[in-house]
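Residue numbers (the numbering used here), protein chains in the order written: chain A, 1 to 752; chain B, 1 to 184; chain C, 1 to 258.
By construction, these hints were calculated from the structure, which means they are not laboratory data. Check each hint, because a few of them may be wrong.
Here are the simulated lysine-lysine pairs, DSS-like style, with alpha carbons at most 25 Å apart [stated by the list, open to error]:
1) C:21 x B:163
2) C:256 x A:244
3) C:256 x C:21
4) C:241 x B:175
5) A:244 x C:237
6) C:78 x A:244
7) C:194 x A:236
8) A:236 x C:21
9) B:163 x C:194
10) B:104 x B:88
11) A:548 x A:114
12) B:175 x C:256
13) C:21 x C:241
14) B:175 x B:165
15) C:188 x B:163
16) B:165 x C:241
17) B:49 x B:88
18) B:163 x B:175
The following residues of chain B were derived to be distant from chain A, with all beta-carbon distances above 12 Å [to be verified]:
19) 4
20) 69
21) 89
22) 124
23) 150
24) 157
25) 165
26) 174
Small disclaimer: the values here were computed from a predicted structure and weren't measured. For every residue, glycine included, the Cβ atom is placed at its ideal position computed from N, Cα and C.
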Amino acid sequence: MSQKISRRDFLKLATAGGATAAVLTGCGPASRYVTREPYVKMPEYTYNGLSTYYATTCRECAAGCGLIVRTMQGRAIKAEGNPANPVNLGKTCARGQATLQGLYNPDRVEAPVKQARQQALAAEAMNWDDATQLVADALNNTNPAEIAFLMGTASDHLFDLVTDLTNAIGAPAPVRFGALSMFESRATLSKAAEKSLGQAGLPYFDLGNADLVISFGANFLETWLSPVAYTRGFAKMRRGNSKKRGYMVHFESQMSQTAAKADEWIPLLPGTEGLVALALGRLVAEATGGSVARVFSTVDVREVSIQSGIPLEQLEHVASLIAEAQAPLAIPGGQALGQTNGLANAEAILALNALADNFGKPGGALLSPLAPNEDTYHRPANAREMKDFIAKLNSGSVKVLFVHGVNPIFELPKALGFADALAAVPTVISFATFPDETALASDYIFPDHHGLEAWGYQRSATGTMQSALSGAQPVVSPMYDTRSTADVLIEAARLAGGKLAEALPFTDEVAFIQSKIASLIGRTDGSFVAPEINSFTSYFQQHGGWWKTAAESAVLSAAGALNKNLNVNAAVFAGEGEFFFVPFVSPTLGEAGANKPWLQELPDPMTTVMWNTWVAINPETAHELNLENDDVVKVISEAGEVEAAVYLYPAIHPGVIAMPFGQGHTAYGRFAMARLLESRLVGLVPRAGEVGDPFPRGANPADVLGAYFNEAGDLAFAGMKVKIEKTGEKQYLSRLESRIGVYGEGLPQEGH
Amino acid sequence: MIRKTFEWALSPMGRIAVLIAALSLFSLAAFGVYQSQQPPEQPIQFTHKLHVGLGVQCLYCHPGALRGPSPGLPTISKCWGCHQQIGKTQTSPLLKPMVDAMAKGEGFTWVPVAQVPDFVHFTHRPHVAAGLNCENCHGDMTQVTIAVNPQVMNMGWCLNCHKQKAAGDEEKLTKLTDCGTCHY
Amino acid sequence: MTVDLNLVGAKGAIAEAAEGKWGMSIDQDICTGCQACVAACAMENNISFVGEEDAGYGRSQHWIRIERFWEGAYPEVKATPFQPMLCQQCGHAPCEPVCPVFATPHSEAEQLNLQVYNRCVGTRYCANNCPYQVRSFNWRDYHTIPERGNMVNGTLVFPLHNQFNPDVTVRRRGVMEKCTFCIQRIHKAQDKAKSEGREVEDGEFTTACAQACPANAITFGRVDHPESLVSQLTHQKRGEKHLEELNTLPRVTYLKEG
Numbered sequence: 001m002s003q004k005i006s007r008r009d010f011l012k013l014a015t016a017g018g019a020t021a022a023v024l025t026g027c028g029p030a031s032r033y034v035t036r037e038p039y040v041k042m043p044e045y046t047y048n049g050l051s052t053y054y055a056t057t058c059r060e061c062a063a064g065c066g067l068i069v070r071t072m073q074g075r076a077i078k079a080e081g082n083p084a085n086p087v088n089l090g091k092t093c094a095r096g097q098a099t100l101q102g103l104y105n106p107d108r109v110e111a112p113v114k115q116a117r118q119q120a121l122a123a124e125a126m127n128w129d130d131a132t133q134l135v136a137d138a139l140n141n142t143n144p145a146e147i148a149f150l151m152g153t154a155s156d157h158l159f160d161l162v163t164d165l166t167n168a169i170g171a172p173a174p175v176r177f178g179a180l181s182m183f184e185s186r187a188t189l190s191k192a193a194e195k196s197l198g199q200a201g202l203p204y205f206d207l208g209n210a211d212l213v214i215s216f217g218a219n220f221l222e223t224w225l226s227p228v229a230y231t232r233g234f235a236k237m238r239r240g241n242s243k244k245r246g247y248m249v250h251f252e253s254q255m256s257q258t259a260a261k262a263d264e265w266i267p268l269l270p271g272t273e274g275l276v277a278l279a280l281g282r283l284v285a286e287a288t289g290g291s292v293a294r295v296f297s298t299v300d301v302r303e304v305s306i307q308s309g310i311p312l313e314q315l316e317h318v319a320s321l322i323a324e325a326q327a328p329l330a331i332p333g334g335q336a337l338g339q340t341n342g343l344a345n346a347e348a349i350l351a352l353n354a355l356a357d358n359f360g361k362p363g364g365a366l367l368s369p370l371a372p373n374e375d376t377y378h379r380p381a382n383a384r385e386m387k388d389f390i391a392k393l394n395s396g397s398v399k400v401l402f403v404h405g406v407n408p409i410f411e412l413p414k415a416l417g418f419a420d421a422l423a424a425v426p427t428v429i430s431f432a433t434f435p436d437e438t439a440l441a442s443d444y445i446f447p448d449h450h451g452l453e454a455w456g457y458q459r460s461a462t463g464t465m466q467s468a469l470s471g472a473q474p475v476v477s478p479m480y481d482t483r484s485t486a487d488v489l490i491e492a493a494r495l496a497g498g499k500l501a502e503a504l505p506f507t508d509e510v511a512f513i514q515s516k517i518a519s520l521i522g523r524t525d526g527s528f529v530a531p532e533i534n535s536f537t538s539y540f541q542q543h544g545g546w547w548k549t550a551a552e553s554a555v556l557s558a559a560g561a562l563n564k565n566l567n568v569n570a571a572v573f574a575g576e577g578e579f580f581f582v583p584f585v586s587p588t589l590g591e592a593g594a595n596k597p598w599l600q601e602l603p604d605p606m607t608t609v610m611w612n613t614w615v616a617i618n619p620e621t622a623h624e625l626n627l628e629n630d631d632v633v634k635v636i637s638e639a640g641e642v643e644a645a646v647y648l649y650p651a652i653h654p655g656v657i658a659m660p661f662g663q664g665h666t667a668y669g670r671f672a673m674a675r676l677l678e679s680r681l682v683g684l685v686p687r688a689g690e691v692g693d694p695f696p697r698g699a700n701p702a703d704v705l706g707a708y709f710n711e712a713g714d715l716a717f718a719g720m721k722v723k724i725e726k727t728g729e730k731q732y733l734s735r736l737e738s739r740i741g742v743y744g745e746g747l748p749q750e751g752h
Numbered sequence: 001m002i003r004k005t006f007e008w009a010l011s012p013m014g015r016i017a018v019l020i021a022a023l024s025l026f027s028l029a030a031f032g033v034y035q036s037q038q039p040p041e042q043p044i045q046f047t048h049k050l051h052v053g054l055g056v057q058c059l060y061c062h063p064g065a066l067r068g069p070s071p072g073l074p075t076i077s078k079c080w081g082c083h084q085q086i087g088k089t090q091t092s093p094l095l096k097p098m099v100d101a102m103a104k105g106e107g108f109t110w111v112p113v114a115q116v117p118d119f120v121h122f123t124h125r126p127h128v129a130a131g132l133n134c135e136n137c138h139g140d141m142t143q144v145t146i147a148v149n150p151q152v153m154n155m156g157w158c159l160n161c162h163k164q165k166a167a168g169d170e171e172k173l174t175k176l177t178d179c180g181t182c183h184y
Numbered sequence: 001m002t003v004d005l006n007l008v009g010a011k012g013a014i015a016e017a018a019e020g021k022w023g024m025s026i027d028q029d030i031c032t033g034c035q036a037c038v039a040a041c042a043m044e045n046n047i048s049f050v051g052e053e054d055a056g057y058g059r060s061q062h063w064i065r066i067e068r069f070w071e072g073a074y075p076e077v078k079a080t081p082f083q084p085m086l087c088q089q090c091g092h093a094p095c096e097p098v099c100p101v102f103a104t105p106h107s108e109a110e111q112l113n114l115q116v117y118n119r120c121v122g123t124r125y126c127a128n129n130c131p132y133q134v135r136s137f138n139w140r141d142y143h144t145i146p147e148r149g150n151m152v153n154g155t156l157v158f159p160l161h162n163q164f165n166p167d168v169t170v171r172r173r174g175v176m177e178k179c180t181f182c183i184q185r186i187h188k189a190q191d192k193a194k195s196e197g198r199e200v201e202d203g204e205f206t207t208a209c210a211q212a213c214p215a216n217a218i219t220f221g222r223v224d225h226p227e228s229l230v231s232q233l234t235h236q237k238r239g240e241k242h243l244e245e246l247n248t249l250p251r252v253t254y255l256k257e258g
């Protein structure tokens, strides 16, 4: 805002203005008439006042859920799930619902800018011709080996386009990354599948047909892999069978939202999940009278009980549940994998499935099918590969870095040093839609459309056993002077000529997408059949993608998972602190939801905290440390420190503290940031500055994570030990649940 | 202080001052009311009389009335569909705004005159379906040049008609006089 | 049929009248607390977000919220099943008789509790009298707070306003609001059915929360039609209504575990 009006002035003005208006118009509304701006050329199929619906794909995460967006007069009004899409069958998660708040976010990059790595978004717009020429020059005048592309996990069509481009000119393949995939430990899952199921790929756990689910930290009802599909599976497991209600046991050191849905939540010490799985396997084998498979033979159940902190009787009880179940299913995920021994944990947990002989069977561990136009499973980079990538940036061997769809400065642990590595790259070109941390640290921002303004497709990596390709099309015309990154690259390649132009001989993005889906023309095993590309494309748009009608099945052998020696070593924890540190992705915000105000205002399902970060501590522990709700503490690891307010969380292991990931942005627009307020009820953190100054909202737990990995190269995000220090400050967290009567507290005294 | 002011207001000069103040307030208010009753300025001096006289049906330009809540205001392409074949289009000064807008690829910013407030959810379709004709609410447009609203479209006007239409039918009356039928 | 619900001994009649017209069943056994319904409701109904500070004062405007309570202490602690709480569209609503300006009438046609924004003067009596605590008050003109807009050539524009659902009134400061059972969708479906000369079919439309729910925990429909899905779910043994003892005749049935 160019002028600042204080509240008092505003009230004065409003009163004066209101009075004048009331007199002038005889107490009627000040302006009776509003103008209507119709389409110049209204599409023939639209009527004023009636909605038009478009099928597209959600880009809030990489799951590839289909959306049907209701539009009216060229504006998008509401996003709903696409009932035909096999991943989500008409349903959406909260982040999918709020996707429109990204489209109409007041903080978008509205035009290409020369950002020049300033702190604030550059004000002066460039024109697109210069921007495209600049990309063309960067591609043309740089040694291909010194070009790097860093991309997010959505959208797949752009990844394919960049892959074609880099292949043609001999540049390194694009690197894909996302915080969600980091916390999902996708590399570990894939590696464990390779070792246990015999094939690399993303495992899919058929919850819907299981009658007992043993989850080891897998937060599949929150953000894990394909939450909408897993939630549907969960509901089917629970109530799908009218004769038997599915039962669920969850092992995790804190009660996550998923754990809260379990019939039994069993807290354990982080890093002991694999051992617990082996112990359960041994107990089950003994209970059923069979011989103990080799994988379980070396484990000492009594010892496991001591190490994990789970009473022996409880282990025996769970083992008896497994032994009695018709279709038991064990799921590895979350903090069980984010340990230095994560891969062994995953293998041990998969061995439980092998024991139940459910590999490749309904209600068991399956392997997600490849998408229709996919040759092999491309998993996103794991954290160790990102570390190598950062080392490459630091070495100065990357001259031009293109970044699209990912915000590594925020999403990667600070200890990996991505922000500093950017300084070693002479030219950084960002295609960010929003002014996030990485975009601001770039030389140029050439903004891509928002996902709802864009063409594309997304392969469903998991969530359904039907091979599916979800299609995206614009539902509204672009709000601002943005341009599709695919179009920019195609045009730049044409300008550059030579090999580049040959690599991308397309008139535009749609022509490229058509070339990639052309292989499906005439296929009769899918959701529709079309004889040639134009009708195929229009069906593709209308249906929101193409998917096979039948579920795939793969024959998987359990033998390899059982007949092997598996050493689950004790997890190694970095640092000296007294607490295990467990970060988890905020179920409501995900990795990039912090700029959407309604996602901020959704209460966390467990703590009901809105708009901020908390540190969950067991009330007993807090009492010993003389901490109360809303006391600000410093969480200190060997890698760094963050500050956040304490939330006394009754369902967490006394030796563990947990923090949600998703807040703590130093950029990313007004809703991701907080403002210094006059009132002190909620405001806190910045101890300096003027009222109205923006500052990070909450804290980013990635700042205290160190660069430690498991055997599969995924980040050991739950492998840190931290200290906590009371700062003496208070920050009143906004929560939905009442403070009165909660742990005997009254209302805060200040701020009234 | 207040007493003093009051006493002054009773003095002859005071009375005159109060009178002048009251008069000027009243005339300001009257001017405001007058202003608010004027039809708004439209982007083009469109005459309904001429078009309806030529036999153009209401629904040709406002087709939404048959199907949904809003009848819709015509886009310039619709105007142009006929007008490009009319020689006068290029010569008439009254039609110049349309020719210019078409050349620039801009639309008309029509100002609707028959409006209900935001908290009223009116939809044309059931009214048309119930057998009402356009002129029942919008007046005889064959006599109107630039659109004006012949009615004060307030709740009493709505309810009067609703009650008449539902006379004798208890269920219909309930539905047509329910707050939730229009306000949500 | 009208029944004087205050009449002593009217219990049988109450049970008959209790059915209502529109109703909802919420399966707490499969509700995962994911907040998709809360987000969907906000998107559909133009609900304003209030920001961190006002949310801290309890002014957030969730028409539906998900409650969870704690039982026991670590390690035997248990979170009670997630409980989506929304306006129960009581047949005998405590909010209705206390409004001095009749802004909370009962819709005889749809059997819903209405909130008429243009009549509401903001006494907040209704919210105080609601045993379910599901009414929220507009403490400010949240939609037009200047910080939410951008200054473009000297005028303040609000890109977020593009999302407004034209079928739902945008509420101003000083009025009460609450869940409407997506009455705009009810009207739209009824209008469509009428234009095609038929009745509204079960499952033809649903509320925003039910449409979004990934677990399909929420079912909406006619509770006075015994063959509708919601009727069948409602009459399961595990169905339970909240604060029934207050004789509010809630239209939302909660399905418990077991």
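Here's how the hints hold up against the structure:
1. Taken as a hint, the residue 21 of chain C and residue 163 of chain B pair is honoured in the structure, with Cα atoms around 24 Å apart against an allowance of 25 Å.
2. A distance of roughly 15 Å separates the Cα atoms of residue 256 of chain C and residue 244 of chain A; the hinted pair therefore holds under the 25 Å criterion.
3. Simply put, residue 256 of chain C and residue 21 of chain C have alpha-carbon atoms about 23 Å apart, close enough for the 25 Å limit, and the pair holds.
4. Note on residue 241 of chain C and residue 175 of chain B: the hinted pairing is violated, with a Cα-Cα distance of about 28 Å set against a maximum of 25 Å.
5. The suggested pairing of residue 244 of chain A with residue 237 of chain C holds, with an alpha-carbon distance near 15 Å, which does not exceed 25 Å.
6. Between residue 78 of chain C and residue 244 of chain A the alpha-carbon distance is near 23 Å, which keeps this suggested pair within the 25 Å criterion.
7. For the hint linking residue 194 of chain C to residue 236 of chain A, the alpha-carbon distance of about 36 Å lies beyond 25 Å, and the restraint is violated.
8. Distance hint between residue 236 of chain A and residue 21 of chain C is unfulfilled; the C-alpha atoms sit about 29 Å from each other, more than 25 Å.
9. With a C-alpha separation of about 20 Å, the suggested pair residue 163 of chain B and residue 194 of chain C falls inside the 25 Å cut-off, and the hint holds.
10. The suggested pairing of residue 104 of chain B with residue 88 of chain B holds, with an alpha-carbon distance near 20 Å, which does not exceed 25 Å.
11. Restraint check: the Cα-Cα separation between residue 548 of chain A and residue 114 of chain A comes to about 45 Å, which exceeds 25 Å; the hinted pair is violated.
12. About 35 Å separates the Cα atoms of residue 175 of chain B and residue 256 of chain C, which puts this hinted pair outside 25 Å; it is violated.
13. Proposed proximity of residue 21 of chain C and residue 241 of chain C is supported: the alpha carbons are some 16 Å apart, at most 25 Å.
14. The straight-line distance between the Cα atoms of residue 175 of chain B and residue 165 of chain B is roughly 12 Å, inside the 25 Å bound, and the hint therefore holds.
15. Note on residue 188 of chain C and residue 163 of chain B: the hinted pairing holds, with a Cα-Cα distance of about 22 Å set against a maximum of 25 Å.
16. Distance hint between residue 165 of chain B and residue 241 of chain C is unfulfilled; the C-alpha atoms sit about 39 Å from each other, more than 25 Å.
17. Pair hint residue 49 of chain B plus residue 88 of chain B holds up; C-alpha atoms about 18 Å apart against a cutoff of 25 Å.
18. Distance check on the hinted pair: residue 163 of chain B and residue 175 of chain B sit about 10 Å apart at the alpha-carbon level, within 25 Å; holds.
19. Every Cβ of chain A is farther than 12 Å from the Cβ of residue 4 of chain B; the closest lies at roughly 25 Å, confirming the non-interface assignment.
20. Annotated as non-interface, residue 69 of chain B brings its C-beta within 12 Å of a C-beta of chain A; the closest such distance is 4 Å.
21. The Cβ of residue 89 of chain B sits about 17 Å from the closest Cβ of chain A, beyond the 12 Å cut-off, so the non-interface label holds.
22. For residue 124 of chain B, the condition that its CB be more than 12 Å from all CB atoms of chain A is violated, with the nearest at approximately 8 Å.
23. In this structure residue 150 of chain B is separated from chain A by more than 12 Å, as the shortest Cβ-Cβ distance comes to about 15 Å.
24. At roughly 16 Å, the least C-beta separation between residue 157 of chain B and chain A is larger than 12 Å, which holds for a residue marked as non-interface.
25. For residue 165 of chain B, the non-interface assignment is confirmed: its Cβ lies about 23 Å from the closest Cβ of chain A, beyond the 12 Å cut-off.
26. At roughly 26 Å, the least C-beta separation between residue 174 of chain B and chain A is larger than 12 Å, which holds for a residue marked as non-interface.
Hint compliance for this structure: hints 4, 7, 8, 11, 12, 16, 20, 22 are broken, all remaining hints hold.
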